[in-house]
Every structure is written in structure tokens, then in C-alpha cells.
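Number of protein chains: 2
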Amino acid sequence: MTTTPAVLAIDVGGTSMKGAVVTRDGRPVVVERWPTDPATDTVAAIAGHLRSLAAAARDQHLDVVGAGVVTPGMLDEASGTVVYASNLDWRDVPLRALLAEATGLPVVTGHDVRTAGLAEQLLGAARGVEDFVLVTIGTGVAAALVTDGRPVTGDGGAAGELGHIPMVPGGEACTCGQSGCLEVYASGAGLARRYAALSGVSLPAEDVVARLGRDADADRVWAEAMQVLAQGLVTATLLLDPTTIVLGGGFTAAGDALLEPVRAGLAAGLAWRSAPPVRVAELGSEAGWIGAAALAFRSAGHADALGTWTPHALLGAPIP
Amino acid sequence: MTTTPAVLAIDVGGTSMKGAVVTRDGRPVVVERWPTDPATDTVAAIAGHLRSLAAAARDQHLDVVGAGVVTPGMLDEASGTVVYASNLDWRDVPLRALLAEATGLPVVTGHDVRTAGLAEQLLGAARGVEDFVLVTIGTGVAAALVTDGRPVTGDGGAAGELGHIPMVPGGEACTCGQSGCLEVYASGAGLARRYAALSGVSLPAEDVVARLGRDADADRVWAEAMQVLAQGLVTATLLLDPTTIVLGGGFTAAGDALLEPVRAGLAAGLAWRSAPPVRVAELGSEAGWIGAAALAFRSAGHADALGTWTPHALLGAPIP
Numbered sequence: 001m002t003t004t005p006a007v008l009a010i011d012v013g014g015t016s017m018k019g020a021v022v023t024r025d026g027r028p029v030v031v032e033r034w035p036t037d038p039a040t041d042t043v044a045a046i047a048g049h050l051r052s053l054a055a056a057a058r059d060q061h062l063d064v065v066g067a068g069v070v071t072p073g074m075l076d077e078a079s080g081t082v083v084y085a086s087n088l089d090w091r092d093v094p095l096r097a098l099l100a101e102a103t104g105l106p107v108v109t110g111h112d113v114r115t116a117g118l119a120e121q122l123l124g125a126a127r128g129v130e131d132f133v134l135v136t137i138g139t140g141v142a143a144a145l146v147t148d149g150r151p152v153t154g155d156g157g158a159a160g161e162l163g164h165i166p167m168v169p170g171g172e173a174c175t176c177g178q179s180g181c182l183e184v185y186a187s188g189a190g191l192a193r194r195y196a197a198l199s200g201v202s203l204p205a206e207d208v209v210a211r212l213g214r215d216a217d218a219d220r221v222w223a224e225a226m227q228v229l230a231q232g233l234v235t236a237t238l239l240l241d242p243t244t245i246v247l248g249g250g251f252t253a254a255g256d257a258l259l260e261p262v263r264a265g266l267a268a269g270l271a272w273r274s275a276p277p278v279r280v281a282e283l284g285s286e287a288g289w290i291g292a293a294a295l296a297f298r299s300a301g302h303a304d305a306l307g308t309w310t311p312h313a314l315l316g317a318p319i320p
Numbered sequence: 001m002t003t004t005p006a007v008l009a010i011d012v013g014g015t016s017m018k019g020a021v022v023t024r025d026g027r028p029v030v031v032e033r034w035p036t037d038p039a040t041d042t043v044a045a046i047a048g049h050l051r052s053l054a055a056a057a058r059d060q061h062l063d064v065v066g067a068g069v070v071t072p073g074m075l076d077e078a079s080g081t082v083v084y085a086s087n088l089d090w091r092d093v094p095l096r097a098l099l100a101e102a103t104g105l106p107v108v109t110g111h112d113v114r115t116a117g118l119a120e121q122l123l124g125a126a127r128g129v130e131d132f133v134l135v136t137i138g139t140g141v142a143a144a145l146v147t148d149g150r151p152v153t154g155d156g157g158a159a160g161e162l163g164h165i166p167m168v169p170g171g172e173a174c175t176c177g178q179s180g181c182l183e184v185y186a187s188g189a190g191l192a193r194r195y196a197a198l199s200g201v202s203l204p205a206e207d208v209v210a211r212l213g214r215d216a217d218a219d220r221v222w223a224e225a226m227q228v229l230a231q232g233l234v235t236a237t238l239l240l241d242p243t244t245i246v247l248g249g250g251f252t253a254a255g256d257a258l259l260e261p262v263r264a265g266l267a268a269g270l271a272w273r274s275a276p277p278v279r280v281a282e283l284g285s286e287a288g289w290i291g292a293a294a295l296a297f298r299s300a301g302h303a304d305a306l307g308t309w310t311p312h313a314l315l316g317a318p319i320p
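These protein sequence lines map, in sequence, to chains A and B.
Here the first sequence stands for residues 1 to 320, where the numbers follow the working numbering.
Here the second sequence stands for residues 1 to 320, where the numbers follow the working numbering.
Where hints are given, some of them may not hold.
Unchecked claim - Stretch-level coverage of chain A by chain B, calculated; a stretch enters the list once three of its residues show a Cβ under 8 Å from a Cβ in chain B: (1) 20-34; (2) 143-149; (3) 154-160; (4) 176-190; (5) 202-211; (6) 238-249.
Claimed, not checked - Here are some chain A residues pointing at chain B (derived, C-beta under 7 Å): (7) Asp-131; (8) Gln-231; (9) Thr-235; (10) Leu-259.
Everything labelled a hint here was simulated from the structure, so no lab data went into it.
Note that the Cβ used here is the ideal one computed from N, Cα and C, for glycine as well.
My request is simple: use the sequences and hints to build the entire structure.
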């Protein structure tokens with residue numbers, strides 16, 4: 001009887017985690033979502049989820065060859081230590097070693113947005129592209145910078161902090177302690193805060209987006225967000241000269257209300273050079289665990305398998 | 001009789017070119033400087049200089065194994081074509097092929113600032129550093145971005161345009177057609193222009209720098225330049241997480257008047273992370289041809305020789 005190799009994959013977020021068992025041919029046989037409870041030991045919770053995924057894989061007679069776990073924050077990729085992750089309240093957590101010990105499995109760790117970039121490069125909007133920037137716009141903003149086929153991690157694993165580049169001198173205060181950062185204007189949190197300040201009405205960012213075209217306050221904060229975002233992409237383009245820019249995260253629900261002003265602002269903000277095309281991420285919020293599974297297969301010596309994966313097989317399963 | 005391998009190296013600038021014959025052990029046996037005459041065929045002039053360097057090398061019984069030529073502009077590094085270089089008035093010039101044909105030598109081409117970055121990494125202020133940003137502040141501003149040991153070139157060889165990132169929304173006009181670019185404020189041309197506008201006196205940038213501390217107008221435009229430069233380095237740090245930032249070009253003549261405000265502004269502009277150290281480039285205006293020589297030896301299969309080079313041997317010769 002032959003056994004099918006599989007990996008466990010978990011994308012750890014500040015509010016929830018998504019996990020999957022993925023077979024060598026790129027099929028997710030189990031996909032689960034769990035809340036992230038800040039009151040409990042998050043590392044122990046991740047280890048528990050890995051064990052339950054491993055049990056589910058064994059029930060299906062799969063041969064678990066490793067696990068991939070991706071998190072936000074500053075990661076030392078060589079050691080697998082999370083140096084700092086504000087929304088998990090982690091500082092110097094040797095995540096890879098702790099999870100390997102707790103599960104008895106080979107574990108590989110990665111940065112959530114850089115790993116989503118890998119997934120988009122393998123299977124999504126950056127397929128076959130060696131130089132691209134993936135900007136994820138959710139509550140905050142982060143970017144995966146890929147140059148010559150390789151993700152930029154930087155000295156301490158802290159590269160890609162596009163959300164905090166200074167865009168407006170003397171601008172509005174950011175939660176980071178600075179002012180005028182990109183995500184003060186062009187993020188879910190920024191949009192909701194600025195809409196509330198202007199209109200007196202507190203709404204989640206997605207509801208602000210839903211009012212575009214029929215609410216002058218929504219239109220105004222959105223237009224300002226688009227202007228700042230486009231200028232931030234001008235900066236990324238001038239520094240990195242990407243072939244393509246990929247936008248992911250909640251803002252992409254706005255569709256053309258996002259793409260049209262961003263494309264126009266990017267073209268208008270560049271002088272002697274053309275603007276790279278701007279696309280929407282294709283794997284959406286599934287890119288994290290898909291990339292984590294890819295990291296785990298690579299690390300287990302199955303890198304050749306990734307070429308056979310398709311978005312259809314990976315996304316075709318019912319995703320909670 | 002054994003022959004000593006040597007390469008020819010030329011750093012092509014908008015106003016002058018510097019060339020050298022460099023031996024395998026990193027000694028420049030000839031160093032020359034020629035004006036760049038925009039009225040003549042610059043490619044033919046470079047070819048002529050390469051032939052005269054080759055003749056000088058043969059006079060010293062050296063075995064010329066190749067040539068390295070570095071230029072400003074957008075370079076397609078794979079093909080050796082200069083896509084666009086404004087201050088040489090070049091567009092789609094197949095430089096490597098033209099020079100190889102004209103000289104009969106293997107020729108390698110590179111980008112001047114990225115190649116200076118390679119030289120600083122081999123022998124200078126970024127020795128042994130895998131992640132750094134070299135910012136050259138002369139008439140304009142350009143940067144070499146090195147991540148994980150490799151220079152970022154981007155899709156079309158246009159990466160590193162730090163001089164044109166938007167820093168001041170609605171700011172002063174730039175020669176590039178945009179407004180508020182970094183180099184509008186923080187470059188030699190910007191400093192001279194802004195000093196003249198404020199004081200009514202036209203002076204070259206180095207004379208403005210020489211007046212610091214005894215001329216309120218000079219102090220003011222310098223302080224504004226430092227503020228914009230520091231914010232630009234905040235952006236580069238947040239995106240690339242460099243181990244070190246290296247500053248080169250004419251502004252470094254200001255010494256502590258440059259380093260102190262830049263270091264202070266960089267630290268003040270970063271929130272949850274520490275500021276990388278800021279150093280002055282060690283090879284100064286010689287980094288271009290030194291890097292060009294390194295590229296040529298690498299390309300000729302002598303990469304092992306570079307480890308034996310010393311700044312003393314390379315800079316010890318009389319430099320015109």
C-alpha cells in the first residue's frame with residue numbers, strides 16, 4: 001500500500017487562524033478555522049491545532065511529512081524565532097523549535113504576507129513573475145517585496161512595512177507613535193477612523209466602502225486613501241521597479257473603486273517611466289495557508305510537487 | 001615568463017569618465033580621467049579610452065582578460081543595453097555589444113551606483129554586510145539596494161530611484177516633472193537652487209555647505225534637506241530593513257553636519273524598531289571603477305581574486 005505525502009499548514013492571525021491538511025498534489029483534504037484567543041497561550045493553541053490536523057491526516061491514511069506555520073510580525077527566518085508580533089503579544093518566541101518539540105514534526109515557519117506572496121507567485125496574480133510587490137490592505141497594511149524571484153526579508157525579518165512609510169509630513173497620528181504613515185489614511189482601520197471623524201458615524205471599513213458613490217463623507221475619505229496609497233505605490237515602484245503590483249486584503253472588495261484611482265494615481269505620480277500593471281490577488285485570504293503548505297513541502301524535499309498545484313484544486317474544497 | 005591578468009575599468013559619468021587598468025591582485029597600474037563631451041559619440045569615446053587603456057596594459061606586459069564599464073541610467077543587465085540614460089542622452093544603446101565589437105575584448109556592463117555598492121560591499125563601508133542601502137547624494141540622488149547579498153535591479157533595471165520618491169505632497173517642482181521628490185530638497189542641485197531662491201545668491205552646493213553655521217539661509221536649506229533625507233531613509237529602512245545605511249557623494253564632505261541630523265531624524269522617524277547605523281562610504285568617488293574592475297574579473301572567471309583586494313592597494317596609487 002502506497003502512502004500519500006501531506007503537510008499541515010496554519011496561517012496565524014490576530015483574530016483567527018486558518019489551518020489545512022494539503023496533499024502532495026495540492027489538494028486540501030481538511031480546512032479549518034479557529035479563533036485566536038489572546039487570553040490563552042497562543043503557541044500551545046497552535047500546537048494543539050497541528051496535532052488535531054495530524055490526527056485528521058492519519059485518519060485519511062496520509063503520511064504527514066511536515067508542517068508550515070506563518071505569522072505576522074518580525075521574524076528571524078534563519079532561526080524560526082518571532083522577534084516581535086504586536087497583535088499576538090509575542091516577543092522573542094522560538095516558534096519553530098517550540099512547535100517541533102510539541103508535535104514531533106519537522107516545522108517550517110514564515111511571515112504571513114511574504115508567504116502569501118509566495119502563494120501568489122506560485123499560483124496566483126504573480127504567477128511566473130520574478131519582481132513584484134504584494135500589498136495587503138486589511139486593518140493595517142503590509143507588503144511582500146519579491147525581487148529576482150526572492151522575497152526581501154531584510155536584516156531582522158522586518159522588511160515590507162509599507163504601512164508605516166511617512167507619506168504626509170505633520171499628518172494624522174498613527175498607532176505606531178509616528179504621524180502621517182500610509183496606513184493612517186489607506187487601511188481599514190484608517191478609513192473607519194477617518195470616516196467617523198468626518199461624519200460622526202462609526203462604521204466598519206467594509207460599510208464605508210459599501211457607501212461609496214452615495215455618501216460624500218465616504219467618498220472623501222476613500223479618495224484621500226486612494227491618493228496616499230497610489231503615492232505609496234509610486235515609492236515602491238521607484239525603489240523596486242516591479243513587473244507587477246498585486247493588491248490583496250479587504251480593500252479589494254471595492255473592485256474598480258480601488259483599481260481605477262490607484263492605477264490613475266500611480267501613472268500620474270511617475271515621470272519618465274511607465275507604471276507597472278496593478279492586479280488583484282487571486283488567492284484572497286487563502287494565500288497564507290497555501291503558502292505555508294508550499295513552504296512545508298519545499299522544506300521536506302518535495303519542491304518539485306509545487307509545479308503541479310492548481311488554484312482550482314486548492315480553492316475548490318469548501319473553505320470555512 | 002608568466003603574465004599577470006588585468007582588466008580595464010571605466011566609470012562613465014555625465015561630466016567626466018574615470019578609467020583604470022587593475023591587476024588581478026587589486027592594484028590600479030593606470031588611472032585616468034577624461035571629460036565626457038556631449039557633442040561627440042560617447043560610445044565611440046568610451047571604446048577609444050578602452051583601447052588606450054589596453055595599450056597601456058600591454059606596455060606593462062599585462063594580460064587583459066576583459067573590461068568593465070559602468071554607467072548611470074536604466075540598464076537591462078541581462079543584455080547589457082542601456083535602456084535610458086538622461087545625462088548621456090542615450091536610449092536603447094546596446095553598450096556591451098558595441099564595446100565588445102569595438103575592442104575585441106569581453107565586456108561587462110553595470111549600473112554606476114549599484115556597482116559602487118558592490119565595491120563598498122567588497123572593500124568599503126558595507127564590508128561583509130548582506131543587507132544595505134548605499135545612497136549617493138551628488139547633483140541628484142540614487143541608491144543601490146542590496147538585499148541578501150544581491151543588488152536589487154528590478155524588472156527593467158530601474159530600481160533604486162530614491163531621489164524621486166514623493167516626500168512632500170504639493171511640494172516644489174522637480175526636473176523630472178513631478179513635485180516634492182526627495183532630491184528637490186536633498187541633493188546638490190536642490191540645495192543650490194533653494195539657497196539661491198532664499199538668499200538671492202547663486203552658489204554651487206559645496207559653497208552652501210561651506211557656509212553652514214555662519215549663514216542662516218544656508219543653515220535653513222540644509223536643515224530642510226536633512227529632514228527630507230532622513231524621512232527618505234526612514235522609508236528605505238521600513239521597506240528593506242537594512243543592516244547598514246551608507247551615504248556617498250558630495251554631501252559627505254559636510255561630515256557631522258550630515259551624519260548627526262540624518263542619524264537623529266532616522267531614529268526619530270522610526271517607531272517600534274531601531275535605526276540602522278549610518279556610515280560614510282569609504283571608497284568615495286573611486287567606487288565606480290573599482291566595482292567595474294570587480295565585475296570584469298568576476299565575469300572572466302577570476303571571482304576568487306576579489307577576496308585579496310585591499311582599499312590601501314586600490315586607493316594608494318595617485319588618483320587624478
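Verification of the hints:
1. For the region 20-34 of chain A, the stated coverage by chain B is not satisfied: 0 residues place a CB nearer than 8 Å to a CB of that chain, which falls below the threshold of 3.
2. Counting residues of the region 143-149 of chain A whose beta carbon lies closer than 8 Å to any beta carbon of chain B gives 4, which meets the minimum of three for the stated coverage.
3. Coverage of the region 154-160 of chain A by chain B holds [criterion: at least 3 residues with CB-CB distance below 8 Å; count 7].
4. Residues of the region 176-190 of chain A lying with their CB closer than 8 Å to a CB of chain B number 3, which satisfies the three-residue condition for coverage.
5. With 0 residues bearing a CB less than 8 Å from a CB of chain B, the region 202-211 of chain A misses the requirement of three and the coverage assertion fails.
6. Counting residues of the region 238-249 of chain A whose CB falls under 8 Å from any CB of chain B gives 6; the rule of at least 3 is met.
7. The beta carbon of Asp-131 of chain A comes within 5 Å of a beta carbon in chain B, closer than 7 Å, and the hint placing it at the interface holds.
8. A hinted interface residue such as Gln-231 of chain A counts as satisfied when its beta carbon comes closer than 7 Å to some beta carbon of chain B; here the least separation is about 5 Å, so the hint holds.
9. Look at Thr-235 of chain A: its Cβ gets to within about 4 Å of chain B, closer than 7 Å, so that hint holds up.
10. Annotation: interface hint on Leu-259 of chain A violated; nearest CB of chain B at approximately 20 Å, more than 7 Å.
In summary, the numbered hints that this structure violates are 1, 5 and 10.
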